Amino acid sequence: MDFRPPDMNLWAALPTAVVGATALVTLLLSVLRPAGAARRSISFTLFGLALAAVGCLPAAIFRPGPSFQGMLVLDPAAVLLSLLLLGATAVCVLLASRYLVHDGVDAAEAAVLLTLGCAGMLFMVSAGNLLMVFIGLETMSVALYILAGLAGARDRTSHEAALKYLLLGAFATGFLVYGMAFVYGATGSLDLREIGARIAGGGAAPGFLAVGLALLLIGLGFKVALVPFHMWAPDVYEGAPTTVAAYMAVGVKVAAFMALLRVFNVAAGGAAASWQAAVAWLAVLTMLVGNLVALAQTSLKRLLAYSSIAHAGYLAVGLAAGGAAGAQAVLFYSVAYGFMTLGAFVVLLALERADDKPQLDDLRGLRRRHPLLAAALATFMFALAGIPPLSGFLGKWLLISAAVQAGQVPLAVAAVLCSAIAAFYYLRIVVYSYMREPADDASPVTLAAETRQALAACLIGTLLCSFPFGLWLLSAAGWAAGALR
Amino acid sequence: MTTGFAICFLVLAAVALAAAAKMIFSHHPVHSALYLVLNLCASALIYVLLGAPFIAIVQVAVYAGAIMVLFLFIIMYLNLGLAQDVADARSRRATALATAGLLAVLLLAGGVVRWSGDLAGRPQQVAAGQQALAAGQAGLPGAPAATPDAQAALQAARAAAQPQPGQAVTVEQIGVALFSRYALPFEVASLLILVAMIGALVIARPQLQRESALRKEVSS
Amino acid sequence: MAKGGTQTARAERDWTLVVVWIGIAAVVLLVVGVVLGRLSGAVPHLQAWWQAGPSLTGLVEHLLVNWVGAWNWPASLAWLRPHAGWVAPVTAVLAWVVLIFLFMLPMVTYQIYALRKVVGFMQARVGPTQVGPWGLLQTPADVLKLLTKEDVIPRHADRIVFTIAPFLVLVPASMAYLVIPFGNQQVVDGKVVYSLIGGDLNVGLLYLSAISSVAVIGIIAAGWASNNKYSLLGGMRSAAQLITYEIPLTLAVVPSILWVGSLNLNTIAQYQDHLGNWLVWPCFPGLILFAISALSELGHVPFDLPEAESELVSGYNVEYSGMKFAMFFLAEFSNAFILSALGVTLFLGGWQSPFPESVPLLGWDHGIFAVGWFFLKTLSCVFFLFWLRATLPRLRIDQLMSLGWKILIPVGLLNVLLVAVLRVVLG
Chain D
-11 MDFRPPDMNL
-1 WAALPTAVVG
9 ATALVTLLLS
19 VLRPAGAARR
29 SISFTLFGLA
39 LAAVGCLPAA
49 IFRPGPSFQG
59 MLVLDPAAVL
69 LSLLLLGATA
79 VCVLLASRYL
89 VHDGVDAAEA
99 AVLLTLGCAG
109 MLFMVSAGNL
119 LMVFIGLETM
129 SVALYILAGL
139 AGARDRTSHE
149 AALKYLLLGA
159 FATGFLVYGM
169 AFVYGATGSL
179 DLREIGARIA
189 GGGAAPGFLA
199 VGLALLLIGL
209 GFKVALVPFH
219 MWAPDVYEGA
229 PTTVAAYMAV
239 GVKVAAFMAL
249 LRVFNVAAGG
259 AAASWQAAVA
269 WLAVLTMLVG
279 NLVALAQTSL
289 KRLLAYSSIA
299 HAGYLAVGLA
309 AGGAAGAQAV
319 LFYSVAYGFM
329 TLGAFVVLLA
339 LERADDKPQL
349 DDLRGLRRRH
359 PLLAAALATF
369 MFALAGIPPL
379 SGFLGKWLLI
389 SAAVQAGQVP
399 LAVAAVLCSA
409 IAAFYYLRIV
419 VYSYMREPAD
429 DASPVTLAAE
439 TRQALAACLI
449 GTLLCSFPFG
459 LWLLSAAGWA
469 AGALR
Chain E
2 MTTGFAICFL
12 VLAAVALAAA
22 AKMIFSHHPV
32 HSALYLVLNL
42 CASALIYVLL
52 GAPFIAIVQV
62 AVYAGAIMVL
72 FLFIIMYLNL
82 GLAQDVADAR
92 SRRATALATA
102 GLLAVLLLAG
112 GVVRWSGDLA
122 GRPQQVAAGQ
132 QALAAGQAGL
142 PGAPAATPDA
152 QAALQAARAA
162 AQPQPGQAVT
172 VEQIGVALFS
182 RYALPFEVAS
192 LLILVAMIGA
202 LVIARPQLQR
212 ESALRKEVSS
Chain A
9 MAKGGTQTAR
19 AERDWTLVVV
29 WIGIAAVVLL
39 VVGVVLGRLS
49 GAVPHLQAWW
59 QAGPSLTGLV
69 EHLLVNWVGA
79 WNWPASLAWL
89 RPHAGWVAPV
99 TAVLAWVVLI
109 FLFMLPMVTY
119 QIYALRKVVG
129 FMQARVGPTQ
139 VGPWGLLQTP
149 ADVLKLLTKE
159 DVIPRHADRI
169 VFTIAPFLVL
179 VPASMAYLVI
189 PFGNQQVVDG
199 KVVYSLIGGD
209 LNVGLLYLSA
219 ISSVAVIGII
229 AAGWASNNKY
239 SLLGGMRSAA
249 QLITYEIPLT
259 LAVVPSILWV
269 GSLNLNTIAQ
279 YQDHLGNWLV
289 WPCFPGLILF
299 AISALSELGH
309 VPFDLPEAES
319 ELVSGYNVEY
329 SGMKFAMFFL
339 AEFSNAFILS
349 ALGVTLFLGG
359 WQSPFPESVP
369 LLGWDHGIFA
379 VGWFFLKTLS
389 CVFFLFWLRA
399 TLPRLRIDQL
409 MSLGWKILIP
419 VGLLNVLLVA
429 VLRVVLG
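Just so you know, the sequences run in chain order D, E and A. Here the numbering used here is used: position 3 in the first sequence is -9, and no number is missing along the way. Here the numbering used here runs 1 ahead of the position in the second sequence, where the first position is 1. Here the numbering used here runs 8 ahead of the position in the third sequence, where the first position is 1.
If you are wondering where the hints come from, they were derived from the structure by calculation, not from laboratory data. All figures in this text were calculated on a predicted structure; none of them were measured in a lab. Check the hints yourself; a few may be wrong.
What the hints assert, rightly or not - With a straight-line cut-off of 30 angstroms between C-alpha atoms, the simulated DSS-like cross-links for lysine-lysine are:
#	chain 1	residue 1	chain 2	residue 2
1	D	345	D	152
2	D	152	D	289
3	A	157	A	237
4	E	23	A	414
5	A	414	E	217
6	E	23	D	152
What the hints assert, rightly or not - Okay, the calculated bits of chain E under chain D, using three or more residues with CB under 8 angstroms as the criterion:
#	region
7	180 to 191
8	194 to 200
Where is the CB? At the ideal position from N, CA and C, for every residue including glycine.
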């Protein structure tokens, strides 16, 4: 039997390898030298994540093609989202070192799980094969199942959230794998480029392909919480520690949307007729339900959960629009969404007290209690609502114009209407923090150093995605979308 | 496909289906688990028929031999009785049935389309289909235009290219594939297993700490 | 029949159980043996045998001595000849099943006799002496007694699972004989003349590990279905122990596979064609590991915790009586034989003679001589097991677990690494 050694283009695997190695070394260090492990593992993890970000650069410069037999595609889009995910992970590690540790969680454990989850996400965004999508998704999900339950010692809802996430996640994975099997049956390959070639060459059994894509959409739809598959999201976000909820809202969504983009827009782009309408309907439904239910929320964490559901809907608009414009919109919006949502969660964390979850009323008079925090919150809310010139506006504009370009005017109209609904509850938060008097027993808010750093990172990120700096990101996203194949 | 193959397949498929149905409708979790074992073994034998003895044996060893043993272990350890919340289950039955029905329609639709496609495949189109397949494999943009005939022919060609029952995939072939074409997923899978292991320890650790504290107390 | 007691008694015809057991094993063996055999190239020699004439005497000849001459087909069976591709393996496996059952019962019976004699001798007793000369008929009498005893099912037991469980243990145990090479395969001009292996599977070793892992289900099912806390605990302990030691057992086997480059037990046995080639030399740590794990898999002393009399009365089979109890016993002793045979095949040269071919009589290892060497080695291993049984004390449950997980598994992994390096270095 002849054995051909695999094509190991290590440049393509560099970021993921560094992230994986960081996790392993952190784990070993914390076991071998338990004294002072908490601080050391946090700083070492941050260092490793930074190193991985640097490790993306050779890929951005040398542009390695599909590597490892087409398993790993570290193209510009993957680099862009990898950088975002590394940043988001770093912010979450920073937050975990303060808040999860406060919940009685071992800092090294949290850091290792977050890092391993990040490795899974990186594999997902640079997946060139459905197998890699699956393995990356599972690595990410398993890490998150555990992270969601980490606060169980203090808060029983954390266990409940973890269990719910695990059961529904496993269910969704079933759909995903079944879908992959059907796609394989239809095209005879799991390689995304090969699938694309078969579809373009008319070599795919249409019925099988449609069923496979539908199942894939359901499976990944669960992960990004598109509407009929979103039931778990509010409960899980609310029960999970807020740091982890932030990680889920940002990391999972970005990684899974990139996978959706690769599978649907790029590989199955030739069979758009079979999935475009379904995705468009899901997008409309998601935006409507997410925004309407968010209107009624008073718990800030649930509100952000529904807001992130609604944003999955916006991202799905870009997916349904298809083509390079749609891909560009999804890439840009992913980055913008990542920073603003993460920022909103950081503010939430800063407001959180040990005993209860922050409510809308807790925001009263935030301007007086901590002007800086109030300003940051307002920025994130304006960005989420899509007020010009902030990042959310640029993103929504891109998405809607992509939909119009693709001739999907009703979809664009729905997106605009839903953004208008959304503006109400985002602005209400700003109104509460600026125009309502603080309650008499309201305590002053103090920010820990880690929170300040995280907040600054998110704020800078959001501003960099906003006009006029955002135009660079916009053209970068356009370039990356053009290089997707 | 020989008659012997067809008979074996039909018998095994019937056993697998019956076991799966019994697994769902059994009231006792232990019975359900045992029916699942039967189902797994029957499908393993179907894999054998399809020329994948390695997968069959791994299925028995891993699913029936390891996972189901742990399932039974836990069910028996917790001494789960008959399903208590039958009334509760009844209210959810409609939802469950609707979901299952939808899934069934979805899957059957795919199967029917595929089957009717196969019927359309005629021998003289096989050559054209093979060309298309070769073009597809090479990933060339210049593949023939997608006409229904070409699709049908392609399916026929693919059917011819697939390993026939009776041609075993050897362990060597699987090993070589794992360490060349699938080297990266194979390695990343170890990362996945590592996450799961760390997770299991993290979840079990409070319990372990309590136990070791207890042990210290007893010994002192 | 204690009507008001905690148990109801139900007499069953025990012979039906035997028939059912043989039936199930036959069906499963048929599918596995025939299809896997077809796939892995066992068909030609089976076909040769079939086309020569399917008779049991012919099979025995074919199995035990060199094949002589062709057999004339009766006219009534001639129509089957074109279908030899399917009929031959089916009949061959059926014949193999019959042989296995003809072999298994007496073997286990006398294994128990030997155990009692050996342990008796070691403990300065005499063992059975009364029934038959030297007590030789004692164990057959015990078997007959078990077969004719009342079969009791406890009132609160789960009847179905309680009845199925012994089959779940015994059927895999008897299926294992399919791949054990009892002797050589004579090939002349590319045509197999006779073969002393039931199913020459390419995945033989994997097949064995899959089979043995299924038997665990039977044991916990038996423990649970009895609805008795002692049997439940015994079943749990058994399951935990079996799962734990299956891993080092598998790891102990890997070096031999690495060295030969095949999972086919017959190929592995053939490879060890002279003493220097025996796998015990490169894989010696594997043999030690294999012996320890096999002891534990069998639930033998010092690993006999599942039936620790002082703690658990007797383990998962407390509530069983009559033939069903005998079935567990049968499986246990049959497994002792199978694991010994596996150890012999993987490390000690299988059916090959340790002497060079040129030595008359002792150097021969073909046909009946191969079978002779195989049994000599295997029964020595079985004796070794008895010896340990009479010698060692019992481990505690936590010692057992930590030995398995913390010592044997890492050692097994290291051993695999070591042998792999050695294999590469030595070419």
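Results for each hint:
1. 345(D) x 152(D): holds (19 angstroms)
2. 152(D) x 289(D): holds (17 angstroms)
3. 157(A) x 237(A): This hinted pair holds, its Cα atoms lying about 25 angstroms apart.
4. 23(E) x 414(A): Violated, at roughly 40 angstroms.
5. 414(A) x 217(E): Since the Cα atoms of residue 414(A) and residue 217(E) sit roughly 21 angstroms apart, the hinted pair holds (cutoff 30 angstroms).
6. 23(E) x 152(D): Holds - the C-alpha atoms of residue 152(D) and residue 23(E) are around 27 angstroms apart, at most 30 angstroms.
7. 180 to 191: holds (count 9)
8. 194 to 200: holds (count 5)
Hint 4 alone, counting from the list given before, is not met by this structure.
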